[in-house]
Structures are given as C-alpha cells and as structure tokens.
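Student: Chains as they are written, first to last, in the numbering used here: chain A, 11 to 348; chain B, 11 to 348; chain C, 11 to 348; chain D, 11 to 348.
It should be emphasised that the hints constitute simulated quantities derived from the structure, not laboratory data.
Beta carbons are placed, not taken as given, at the ideal position from N, Cα and C, and that holds for glycine.
Any given hint could be a false lead.
[Stated by the list, open to error] Partial list, derived from the structure: chain A residues whose beta carbon lies under 8 Å from chain B:
no.: 1; residue: Asn96
no.: 2; residue: Ile225
no.: 3; residue: Tyr253
no.: 4; residue: Leu290
no.: 5; residue: Val344
4 protein chains.
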Amino acid sequence: MIVILKKDATEEQVKHIVDKAEILGLKAHISRGVERTVIGFIGPEDVLRMTPLEVFPGVEQVMPVLAPYKLVSREFKKENTVIKINDDVTIGGKKLVVMAGPCSVEGLDEFRSIAKKVKAAGANILRGGAFKPRTSPYDFQGMGEDGLKIMRDVAGELRIATITEVMDTRQVELVAKYVDIFQLGARNMQNFSLLKEIGATRKPVMIKRGLSATIKEWLMSAEYVMASGNFNVIFCERGIRTYETAYRNTLDINAVPVVQKLSHLPIIVDPSHGTGVWNLVPSGAKAAVAAGANGLMIEVHENPEEALSDGAQSLLPTKFDVLMKELRVVAQAVGKEL
Amino acid sequence: MIVILKKDATEEQVKHIVDKAEILGLKAHISRGVERTVIGFIGPEDVLRMTPLEVFPGVEQVMPVLAPYKLVSREFKKENTVIKINDDVTIGGKKLVVMAGPCSVEGLDEFRSIAKKVKAAGANILRGGAFKPRTSPYDFQGMGEDGLKIMRDVAGELRIATITEVMDTRQVELVAKYVDIFQLGARNMQNFSLLKEIGATRKPVMIKRGLSATIKEWLMSAEYVMASGNFNVIFCERGIRTYETAYRNTLDINAVPVVQKLSHLPIIVDPSHGTGVWNLVPSGAKAAVAAGANGLMIEVHENPEEALSDGAQSLLPTKFDVLMKELRVVAQAVGKEL
Amino acid sequence: MIVILKKDATEEQVKHIVDKAEILGLKAHISRGVERTVIGFIGPEDVLRMTPLEVFPGVEQVMPVLAPYKLVSREFKKENTVIKINDDVTIGGKKLVVMAGPCSVEGLDEFRSIAKKVKAAGANILRGGAFKPRTSPYDFQGMGEDGLKIMRDVAGELRIATITEVMDTRQVELVAKYVDIFQLGARNMQNFSLLKEIGATRKPVMIKRGLSATIKEWLMSAEYVMASGNFNVIFCERGIRTYETAYRNTLDINAVPVVQKLSHLPIIVDPSHGTGVWNLVPSGAKAAVAAGANGLMIEVHENPEEALSDGAQSLLPTKFDVLMKELRVVAQAVGKEL
Amino acid sequence: MIVILKKDATEEQVKHIVDKAEILGLKAHISRGVERTVIGFIGPEDVLRMTPLEVFPGVEQVMPVLAPYKLVSREFKKENTVIKINDDVTIGGKKLVVMAGPCSVEGLDEFRSIAKKVKAAGANILRGGAFKPRTSPYDFQGMGEDGLKIMRDVAGELRIATITEVMDTRQVELVAKYVDIFQLGARNMQNFSLLKEIGATRKPVMIKRGLSATIKEWLMSAEYVMASGNFNVIFCERGIRTYETAYRNTLDINAVPVVQKLSHLPIIVDPSHGTGVWNLVPSGAKAAVAAGANGLMIEVHENPEEALSDGAQSLLPTKFDVLMKELRVVAQAVGKEL
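Isolated chain A, as found in the complex (with noise of 0.2 Å):
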C-alpha cells in the first residue's frame, strides 16, 4: 500500500497516520521528498485492505500494491507527465525534445563550437559528459567538475538547457549546481542508492535503460525515484543487448508504444547508443519518432574520429542538420512538431 500525501500534509499527520497504521500492525516507510512525502506500508494484506487511509488528513492518494510499480504506472495517472525543463522546454508534450552535443565535455572552445551548430541545428538541449562511465579504468574519465562549468558557460552564453551524468551519490549536490536535467547512465540503472538520492532532489532525471534491462525493472528504477519524491522523470530507450554484433546494441523501438501504455512519464530515444556506428543513427532517429518517442539523444562530434570517447556513432555537425530536417518531416506525419 502507497500514502502519497498532499504537498501541504503536516509531520503532524504524518505522524498521525503512521502511528495508527502500527497500532494496525502495519510498518510504514516514509519518503520526504521535496515536492511531497510518500508512505509504503507493509503489513498483512486484509488488514490493509480494510484500513480506510484515504480519509486521514493529509492523505492525497491511497494505492493498492498489487502491480510492481505503483506512482509510475498510468493507473496511478492517466494524462501523460509533461516536465517543464525551462520556460521554453518542455518534455512529454506535442513539441519533440532534441538532446545533442558531444560524448564528452573536452574543452571549452570545443564545447562552444559544437553547442553553437546543435542549437542552430534545432536542438533545444545540449548533452555533454564530465563524469564518464569507461570500461577500462585507463581511458578517458572525463573533465569532472571543469566540465560542469564548461557546460554551465556556454548554456548560459547561448540560453539552453542541459544535461549530464552523475554516475556516484557524492556528486548529485555538485552536478545538481551546474545542469538542468541528471543522466542516470545505463550501467547505474539499478544503483539504487544513486537513484533515492536524486530522488531526494527535484531536478528532472533522466533514466537510461540498463544495457539487459527488462521494461518492468526500468520502470521499477523510476519507481525509486518518485518513491523519494521526485516526479520529474524521463526514460531513455538506449539499446540493449542481443547475441547480434553487427551493430553495437540493438535498438528496442517496441519499448517506446510499450513504456507509453504502462506508465505516464516522457520516453525519449537515443539512437547513437541504440546503433552505435553513425551511419545507422539517422534510420534510427525517424523510427522513434514514428513510433511517437517524446524525442531524442544524438552525440554530434566535429572530428568523431578523434573523440575521446564513442567516436564512432558520433554524427558531423553538417549531417546532423540534415538529419533535423528530415526529421522535421517525419515528425509532421505522426502530428509532432520539432
């Protein structure tokens, strides 16, 4: 059984409903999110069936706990989530979302160069890394925190939003100060800990599936998010992995339609991890957004081959553009925008 309170609920009630519910037998587990707190409690079935929690005061919603995920899921809302990014940005509306820019932060002028041409391009948010997931402890890890002010500096300069991974829970304070939406990388889908503490703040997040991540465990991972408070979450379909080597991961397209029908929140596309060999991205692009994806992650690189990292799926700026138009198209025919 889920509480979520109202956002106005007291501790006093709080405390209300908690020590009722103990005298019932029942265990609560609070989460004090910013915008609201959420209470799980645990105890035997009929005893929670038959406690009327819905009319304590402070209660805003009572959720039976018979599927997995439970604030997620669109019974629990019906209208798709729009997440308000900035005044001009929104995602999960009529008007798709375009995350572009490099793997990696590597340079201030470099950054600006590629943020100026994605901008113009039409992206309307820049992605960049400055804490970088590698497989191999020697290479590049990224610029850390001269990379945040890097991305910070240029959004400022060129008015859009941005965003980055946070890849460790000591860092989503210092991230949290200079982006406008977290990345939870792929490797880190099921750090649960990663997860409750960007659910302790109300920064948007975005969730990469998990490279062999079932549906249900991507929306359980966003369930722990919303569970510590924080409703402004974002999926992103990213590839996962097959027995097939002819293309780095293979692009799920089923799990846009299928994210959509369980559950109410934004999905986007990433089609540069989803191929990963540039050539394959723009095919890749046009599918998720005919198959009414809220819109897009492209790495787009100057010189992809001398990136620091995923120089190979990385397009050139001039096919980007080309790409945006196309998709402009494509997007119309599905009653998009873009």
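Position chains B, C and D against the provided structure of chain A, taking the given hints into account.
Tutor: This is chains B, C and D only, laid out in the frame that chain A set:
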C-alpha cells in the same frame, strides 16, 4: 572463388571451365539455376588468384571469396534489386509493398471476406498460411492443399498476388503451382535443403529472419538460394528473441538499414511477429517505414480472439484500414509511396 | 486430451473410439506409429472431461491437455526411459554413453583410424557427419551416401553403434539403412516435417537443442516425434546463443536437471559445440557428468587444424583419452559408470 | 603502458618517473594503493615503446597496453593468485572455499542459528546481506548497520570469516569495519566509482558478474580495483541473463575455465543465483566444482518460504549438509579438497 556464367553459356563452356580448373587442382561446385549457372571453386588461394577465369568463354563475372556472402552483397551488385511479382507489383522500388491477411487460411468464405477488406485498404499482396509450423503437434497444422486452392481462387477473383509458407522440400513443387511468392519461415531459415530446393525454382522467395539469426547468417541463407540460381530473394525482419518478456519478439529496426547497406536485395518488416501484440503493430509499422523498409507484412483477422493461430497479434480490418492511412503519410515523409 | 492405445489395438477399436468421440463434437487427430497409435482429441473442455475414454476397448491411457507436452512429460511416465541401442549400449541408465568421432566423415581411412582410437578410449557410439548443415553454400557439405557407407563399414568392423545427422525428410529412409541413431541438428529442431518423418520410424533419435530454443520448445519438438509414434527420443544440450562472444556457444548446464525433472527421456551434453573451443571441452564434459547428464557427445579429430568442419572445437585422440580417464572418476563420484 | 612500482618506491621516485614521462609528451595516471602505486601512461605509441621505463628507480614492472586488462591478466602474473582471508581460509588454492548463509541478515537469533549450521556442514565463510539491492523500493532493503553488527558478533562467536555486499561509495568505510570480504553485486559490477573506492582499501573483494556482462567487461571491472591498488580480487559467476525463462538465470559454466585461462585471480560460483531455484542448486554446485571453480557461494535459510528475499533459491540446512557431503566426493575426483 565464385564464377557466374552468362545466361547463354553452353554446357560445353561449363565443361571447359571445370576441366581447366581441375587440372590446376581446384574443385568445382556447379549450381545450375533456371536463369544461370554459378560455379564455386575451392582450392589453394594462390592458384585461385592466378587463374584468369574472367577470360574464359561463357563467364560473366568472377568474385573473390573474401566476404562470406557473394551474390547477395552490394559488392556484387551496386543498384537495388527490384523484384517483379506481376504487372502491378514490384518489391524494392519507390512504391512500398504491403502483404496482409490472416495467419492461417481457415475457410473459403472467411478468406475471401478478409481478402476483400485488406485489398480495399490498400494491401497489394495477400498472405495466408496453408502449412503452419506450430510449436505443438496438437495445434492446428493448416489446411494444406485445400488452403492453397482457396488462396489461388480468391487471388484470381480479386486479381491480387499471394504469398504462403513452404515447410518441406517435398512441398515446393505443389506450393509453386498455387501462389506467387514462397515464404520461408523463421524456423526454417537454416533448413539448407529447403533453401536449395527453392533456389532451383525461379519463383520469388521471402526469407524470414531466424529467431536468433545474425544478420550474417541471414544473408548466407539468401546466398544458398542465389547460389542455386534463383536471384529473386526478399528479406523479412520479424523480430528477434531477446531476454525481454514484455513482448513476444523484439523488432530489430537496425536490421533494415544494415541489410540495405550490405545487400542489394529488398527487405520488408513484419510488425505483427515483430511485436506479438496487436496494439504495438501500428508503431512498429510506422517505425519500419520511417527506417526505410521496402514494405510490410501484417496479420489481419476478423475475429482475432477466435483465430486458429496468432490471434493476439492480428489487427481487425478496421484498424488495419486506419493504419494504412497513417502509413501513407509516413511513407511520403521519407520519399516513398504506399 | 491425448489417448494412447495399447500396442495390440485393432483398426476397429480405433474407429470405434473416433466415431464415438466425433458424435460428442470432438475432433480426432490420429498418429499411427510403428509401435503404437496415439489419438489427440480437440473439443470443448467439459465434454472432454466427462467422456470416459479410459474404458474404451484398446485404450491404454488418457492424458488431460493442461501441460503443452504430454508424452514427453514425467506425468506421463514416472520412471526414467532407458533406450536400447544394441546388446551392449543403452542410454538413460547408470552407465553413461559417450558418442565420439569427427565432425564430418572425410574418408574411409581417416574415419577408421579415428574410430579405433575413440573406441579404445572408451567411446561406445561413433559419431560422424555425412550430410552437413553449413552456414555457407560454398563450405564442404558432407560426403552424402558415400559417407554413410563408410560409417556402416567401419561400425561393422569395430562392432560399435553409430549416429549421424539427417537434414531432409527425403533422407530419412536412406539414413535409416546405414546408422543406428538419427541426429536432428540444432538448426532443424523446429523442422516439424522432419520431426514427423522421423516419428514415423522406430529408430532412436537424438534431438539437439535449437540455438535459442527454450526448454519448453525443445520438449515440444520431442512431443512431435512421440505423437507420431516413435518413443525413442534422446535430448542433447549443445549450448545456446547468448550475448557472450568469448565462446561460440554458452553451455547451459541448468538444462540437464530441468529436463530430467520435466521429462522421463534421457539427456546428453555436447561440450564441443557447447563451448566451441577445444580447451574448454574437458571442463564442460566434467561439469555435465557432475550435473547428472546421461552421456556426452565429443568431437575428436587427428588433425584439427585441417578438419573440413569444426576443427577449433575438436580434441586430439590423445587428449580425448586423458579426458575419458578423468571422466571415469567424476562419473563414479556421482554414482554413475563410464 | 602500465608501470607497477615496487612496494618501497618513494614519492621522489614517483615524481621522477612522472616528470620524465611528461617531458616526452606522455600523460600519467597515478593510482596510489595501500600496497603499491601503479602509473598508467597515455601517449603516442612509439614514444611509449621507446622509453626505457623499466630502468627507472622504483619501477618493478612495465606492461604494454595491447590487451585491455593488464594487472588482471595471466600475462601479468603466471601463477594462480591465492588470497588469504584469515589464518584458516585462503581462496585460490587446492582447498575450496564455501560461502554460505541467508540472503539477508534478518535478526541476531536467526543469523546465529543458520551460521552454526552452515559452519557445522563445512562452510568456511559466512554470507549475509545488510544492504540489499532490491528491484522494488517497497521491498525489504536490509537491516543496514544493525545487520553488520550482527554479522560481526556471530562471526566472532563462531570464529568464521564473513562477506557482505556494499552498494554505495559512502558505505565502504563502514562495511570495512565489520566484515572480512566486500561483495560487489551484479548490478554494481560497472559502478566505477564504487570499484575505485574499494580499490583504495586493501580488503578482499568478490566481484559478481553483471547480469549480462561479457567476460571482458568483468575482467575490466577487476582491473579498476587493481589499478587503484587493491590486488585482492575474487570473481563470482552467478548466472547470466538469456532468453530462457525456465530458470531465473543461466549458470554460465564456461566462464570458469575461461576466466582461469585469462586471469590469475580466483573464481567461485554462486549456483543459488545461477539457477534461481533451490532444487537446481545441487547439480549446479557439483558442475561448478567439476569444472574447476575455486569455491561456491550458496544461500541457506531455515524457512525459505518466509525469507525476506530470495526464498525460492535458498536451501534448507539439512539439504545443504547433504550437498556438502556430495561435493566433497566430487572435489576429490578433480584433485581438490573441501
């Protein structure tokens, strides 16, 4: 080394080439197709490279054996192959092909009724199974030749082309009498005897990708048909098997551009099997068209819940009609027609 | 509902049962095997449950249709099935069976030489391929009937049983003349026509697990053979396809106890294909025996680097001999003999 | 290029090497471990090859960077690594290690009771979870530090070593105070921040293979720990994710010999997770020992049906006792002791 002979190469010319090659220590594999004869030579690499087979009378082309697929590859033929089915329908050109109909032929009236509806909605090829590969021996195994007759009769009435699955080398001749295109099912993708038998005809064949076939294995199966002399091969992506259980199969949209880069042969997509759930079919179909597929195969049934096979993934005719209208717009957005 | 008739059931008795059942609205599927006839009835569940088919003359057993596999299941037969190959060899008992030999029969002298060595090391069944399913049409496709003759001659000399693959319904009769056990290859596990054709004989058949076949699909393939009347079925786990590229296949050791819990039929393991690398074969073989497998199939070749197929996974005869000695100790440790 | 310094290398020597290298255009990554310092150099290949770093004072060994894992590899260290846990227990030698206990620590009495039983049966390391990575935020998340205290107290009473999972960089110091071995869970295998944090201690760590991690990625995660200076790494194969749904995970027995060929580090097997079903655990455990694993991790619980986590895969103490007796015989058959 693959030697492709001219269409008018004589038996004498073939014998001359083989004799010469054998003197040099090469072993010849002769595939006599209806359209042309192909000879594969196995032997010491250096001998192969030194022998000027190109200049022998009757020889059209000589291909080195570095890549595993030869006749199937873009190297062998740069321009897209366009396969003529009848005066109205070709596969591989600007106009997309849509194969639609029930999973199984279940009776004359039922088949005629659904055939009229899918034709009216814009389908240009009629699908239906007469021999059904079913996981259980106790499930409906298809109507056999009676089903083939129904297909032929309805196709004659409506002047529409047909496609049906062939499961056994002994059925090839029979099936060839009744329908326009062979379908080689996913479970038979590496039934090499069947591939050779179909290769010995000149009838077009659509090869479905095996449940966990790599792109390379799939191309090699087409190579079996082409090496036997039948050059009318169409690929069909129908979803692959992954760890994900939220859908029956995972539609691999990356396969479309990859096959088109590696091969000159057309590729269509089957979103019915590629998803396994009817309400995911529209997004899968739109994604396929946007990604550049040469056509679609879609299951349509008037009473999905009573279908003798694959009911869960069949669209109602009304929903198919709506989908076709939507697909027309998407096709246009990527420079195609439907 | 599956009705298994007594071995001596008459045609009249069969007709009587079918007539009665059809009056009740049931549809009968009759499978006449060499040993016994099996009738499957499809119809309304309640009618099926109410009809006392058990008391009809000629009926041995009636099975409800809840589980998808019937004749294959432990419910149908509690005790382990032990299949007699000849006076010396059975599969499924305390004594383990070892099938060994080259991937392909490449010539009489080569085959005789390797046969002598594997027999001396303790193998009790000789393996060798005459019809080879190869991914490429340009690879060696086997010696065909000449290979079968070599197998028969060497087996006669050495008084040892033989197993070989059959790939096509049209080869079943031919292959049956020369060898003791049919092998149904992984790529043909769901070649239902071939399963039925083999089911119409009484010769033992070893069904290899498909490259990505589920346990349930595998059992269903055996059900095809048994429903056609041939009860002499052996399973062979040979590794499955996964995302891992460090080995050719992933040996699925869990399959051994699971198949033994669900079915009464024996299961052996092929660590040569299950690993794809000769130096992983010994650990795979020992693991299989320790996990309770009823036997092993191992590829042995005198010049692995020159083998016409599967050289990389073939053991040298000397290494096979060492392995057999080690396996004897492991077999003893788990209460078996080798 | 990886430069491993001698244990007694001075700060001055480190500075000298780095300065010299930077003059040559190389970039140095210094990892200061408790036991030794490791420097990775990135730069032009030819400069790296020409620079005689071996002769610098303080340098023990220089490794080229061709293979992606360096310190983990057999090339770096030919003989097996044997990790000392305490005066009685080592991992990697002739004597196998068995880690047993409940999935989660659920209370002092329960833990002491099960601990006594598994020790009596022959287990030499006690497992138990205090911080639990659960798919759902509403599932039991572990007792936290209270659980760690219980583990320490019971371990002290029974004089037995302990292992527990650490999930967050901020828990490393805490967990280190209470237990003997860190467990890095499958979901955190590529939590690079956590790997580095653990690498900064000298406490042994067992790295579970990620749900769909390749062997290479797994070795690279160990490389993170070793590159940070902690050389006490143990691998744990715990089943991988495949398409098969008959069991929770597919125990990858091939991983045992492959890891032992590629690396000098010990590898143990967890058949509880590797199967997910208690009645498959015995065959999995025996297969692991026969394949050459250096030990086992097995979940044991007195009331599996009431366990707060992983009940379905937990053995009863009586069954664990029987299994240990059987394993002793199998261990002996492959030249090991238990």
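Student: Hint by hint, where does the structure go against what was stated? Just the numbers, ascending.
Tutor: Per hint list: single violation, 1.
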